[in-house]
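Line order of the protein sequences matches chains U and H. Going by the working numbering, the residue at position 149 of the first sequence is 149; the numbering climbs one at a time, nothing skipped. Residues are numbered in the working numbering as their position in the second sequence, beginning at 1, plus a constant of 309.
It should be emphasised that the hints constitute simulated quantities derived from the structure, not laboratory data. Every residue, glycine too, gets a C-beta built ideally from N, C-alpha and C. Any given hint might turn out to be false.
What the hints assert, rightly or not - Ranges between beta-carbon positions, derived for each pair:
no., chain 1, residue 1, chain 2, residue 2, range
1, U, 220, H, 544, 19 to 29 Å
2, U, 18, H, 488, 53 to 63 Å
3, H, 477, U, 133, 12 to 22 Å
What the hints assert, rightly or not - With a straight-line Cα cutoff of 25 Å, these simulated SDA-like cross-link-like pairs (lysine to any residue) come out:
no., chain 1, residue 1, chain 2, residue 2
4, U, 93, H, 444
5, U, 299, U, 246
6, U, 93, U, 22
7, U, 119, H, 331
8, U, 299, U, 262
9, U, 93, H, 324
Unchecked claim - Derived list of chain U stretches under chain H, where covered just means 3 residues or more per stretch with a C-beta under 8 Å from a C-beta of chain H:
no., segment
10, 80-94
11, 169-177
12, 225-236
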Amino acid sequence: MSPEALVADRVRKTYRVRGGAPVDALSGVSLRVGKGERVALLGRNGAGKTTFLKIASTLLAPTSGTVSVFGHEVQAEADIVRSSIAVVPQEGKPFFHLTPREQVYTYLRARGFDRASAKTRTGEALAQMELEEVADRLNITLSGGQRQRTMVATVIATEAPLLFLDEPTIGMDPFARRGVWESMRRLTRRGSTILLTTHYLDEAEALSHRLYIIERGRVLVDGSAEGLKKEVGGTLRVSIRGGQDLAETFSSFGSLVRDPEALHIITTPERLVEIMGVAVGMRLTATVGPVTLEEAFLKVVGRSIDAEN
Amino acid sequence: MTLSTTRPRAFRGLLAFAETELRVQLHEEAAILTSMVVQVVLLIFVSILAPSLLGVALVGAIVFSFFALGQRVLNEAAFIRVDHRLNELYLASPLAPESYFFGLSLGVMVAYLAPILLVALAAELVVHFTLVSAVTIVLSVVAVWLFSCSIGYIVSTLFRDMRAIWPWASLLYNLFGVLPPVFYPITSAPVAIRWISLFLPPSAATALINETITPANLTGLQIFLAAASLAVEAALVFLFAIYWARRSVREE
Chain U
1 MSPEALVADR VRKTYRVRGG APVDALSGVS LRVGKGERVA LLGRNGAGKT
51 TFLKIASTLL APTSGTVSVF GHEVQAEADI VRSSIAVVPQ EGKPFFHLTP
101 REQVYTYLRA RGFDRASAKT RTGEALAQME LEEVADRLNI TLSGGQRQRT
151 MVATVIATEA PLLFLDEPTI GMDPFARRGV WESMRRLTRR GSTILLTTHY
201 LDEAEALSHR LYIIERGRVL VDGSAEGLKK EVGGTLRVSI RGGQDLAETF
251 SSFGSLVRDP EALHIITTPE RLVEIMGVAV GMRLTATVGP VTLEEAFLKV
301 VGRSIDAEN
Chain H
310 MTLSTTRPRA FRGLLAFAET ELRVQLHEEA AILTSMVVQV VLLIFVSILA
360 PSLLGVALVG AIVFSFFALG QRVLNEAAFI RVDHRLNELY LASPLAPESY
410 FFGLSLGVMV AYLAPILLVA LAAELVVHFT LVSAVTIVLS VVAVWLFSCS
460 IGYIVSTLFR DMRAIWPWAS LLYNLFGVLP PVFYPITSAP VAIRWISLFL
510 PPSAATALIN ETITPANLTG LQIFLAAASL AVEAALVFLF AIYWARRSVR
560 EE
């Protein structure tokens with residue numbers, strides 16, 4: 001048995017475009033996910049996260065490179081791999097004409113669970129996702145967030161050894177997101193492994209043991225959220241709104257990160273008074289906060305995670 | 310949590326996925342009721358214009374109903390894949406891909422069976438089927454259904470847009486289900502069309518069933534061609550659909 005849940009080696013995916021130049025969705029992605037880990041693929045829209053997840057979950061053929069799940073190659077042994085995985089597809093919706101209870105229960109039955117076990121797991125998953133009140137209403141009558149929670153409940157109920165979750169909390173309110181995070185933590189404590197994609201930085205930070213930042217089909221950096229934040233070079237972030245052209249003025253106070261809204265100075269508490277003095281003297285609006293993954297992302301990628309291509 | 314290292318068996322999860330689809334369809338009562346509109350309208354026309362052909366038209370209605378189930382499969386499979394993206398949930402799982410295709414088809418068929426059985430009951434009251442007729446009906450409609458749902462599933466995988474699917478689905482099933490001699494006797498069709506009709510599953514099935522009710526409309530060769538083409542086409546298309554269901558799980 002492989003010690004790794006997932007190993008990807010130089011995975012490339014090129015889409016042929018009729019009448020146009022081929023598009024490289026993935027340009028040699030290599031990554032590893034250990035058993036019991038929660039790993040996030042973090043990147044902007046179109047970075048290649050979903051393409052990678054589809055390849056790893058046997059639903060898309062790579063142009064080159066290999067991915068193996070628990071030692072089984074996803075191309076050659078897809079049917080064995082499928083027995084060990086469960087997927088929350090991006091923008092997936094539950095059957096509109098099933099209830100959340102029916103959705104989860106029938107999915108478990110289709111995966112081979114017996115009736116009693118499927119019933120028990122269904123109840124537990126619906127409770128975890130706080131869907132009990134709407135469990136017997138048709139999915140078509142539920143809100144977008146409730147439907148998404150139904151999708152997540154469907155997959156977490158399987159407790160599959162490896163779970164792929166593509167933007168699992170999209171459209172959810174903050175309380176529901178935290179509920180999903182707690183369920184994922186519980187799953188990994190029970191032995192499952194989770195690979196999720198997200199463009200929510202707080203989600204990647206709160207949830208993942210490790211994360212990979214992907215941009216334009218390449219892994220730019222990997223590590224823990226804490227490690228990446230440390231590499232930014234300070235513990236405090238001073239944001240000067242509209243100060244993108246003042247890099248020279250502030251460069252001596254720490255490392256600088258620019259985005260379309262502001263100039264961010266990553267610094268230490270000792271330099272804070274000096275920086276604020278300069279900002280006040282120049283009548284600039286400055287805000288102070290702890291360094292977050294956002295600064296690490298900006299520094300690595302060179303633009304905000306919300307920036308369009 | 311268990312790790313399986315053996316290949317799952319063929320048709321794994323078939324009945325469970327059929328149950329899923331059955332539950333989905335049973336929540337759509339209006340769709341089940343309106344599935345008989347074409348058949349009922351045509352039966353009313355026939356009963357007014359040519360009451361002597363009502364028995365033939367009732368047999369045609371049974372066969373057409375099973376043929377039209379393929380259109381339901383096409384629309385449902387496309388909707389699950391294009392609109393819901395639920396196919397990814399089911400295909401990246403231990404559920405066998407052929408169970409996804411055939412379970413969906415079974416679920417749809419069982420859900421729509423009740424109104425078809427009512428038409429069959431009406432046909433029995435008008436025609437008084439013999440045992441041979443009844444057996445021929447069962448075998449023929451099973452072949453038509455296998456052919457039709459297989460075509461429906463295969464076609465559903467070829468489109469990325471529901472709007473592009475609807476006109477093709479309608480054309481496919483109305484062209485081959487209504488135009489050939491399904492609701493009218495094969496002997497009323499022009500000679501050239503008669504021979505072509507023997508190779509189209511809905512009209513071949515109807516011709517075979519009608520031959521058991523009113524013999525001597527077809528020659529021995531025509532009966533053989535109708536039976537052979539129906540059986541071979543249904544088997545080949547069904548086997549291809551199983552192959553296609555397995556192959557199309559992974560996009561290239």
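Against the structure, the hints:
Distance hint for residue 220 (chain U) and residue 544 (chain H): a CB-CB separation of about 53 Å, inconsistent with the stated range 19 to 29 Å. The supplied range of 53 to 63 Å is broken by residue 18 (chain U) and residue 488 (chain H), whose beta-carbon atoms lie about 34 Å from each other. A hinted range of 12 to 22 Å for the beta carbons of residue 477 (chain H) and residue 133 (chain U) is inconsistent with their spacing of about 42 Å. For the hint linking residue 93 (chain U) to residue 444 (chain H), the alpha-carbon distance of about 42 Å lies beyond 25 Å, and the restraint is violated.
Under the criterion of a C-alpha separation no larger than 25 Å, the hint pairing residue 299 (chain U) with residue 246 (chain U) is consistent with the structure, at around 17 Å. For the given pair, residue 93 (chain U) sits about 30 Å from residue 22 (chain U) by alpha-carbon distance, which is inconsistent with the 25 Å threshold. About 18 Å separates the Cα atoms of residue 119 (chain U) and residue 331 (chain H), which keeps this hinted pair within 25 Å; it holds. For a cut-off of 25 Å, the pair hint linking residue 299 (chain U) to residue 262 (chain U) stands: about 14 Å separates their Cα positions.
For a cut-off of 25 Å, the pair hint linking residue 93 (chain U) to residue 324 (chain H) stands: about 22 Å separates their Cα positions. Counting residues of the segment 80-94 of chain U whose beta carbon lies closer than 8 Å to any beta carbon of chain H gives 14, which reaches the threshold of three, so the coverage claim holds. Requiring three or more residues with a Cβ within less than 8 Å of a Cβ of chain H, the coverage given for the segment 169-177 of chain U is violated, as only 0 such residues are present. Proximity of the segment 225-236 of chain U to chain H, defined as three or more residues with a beta carbon under 8 Å from a beta carbon of that chain, is not established by the 0 residues found.
The structure shown violates the earlier hints numbered 1, 2, 3, 4, 6, 11, 12.
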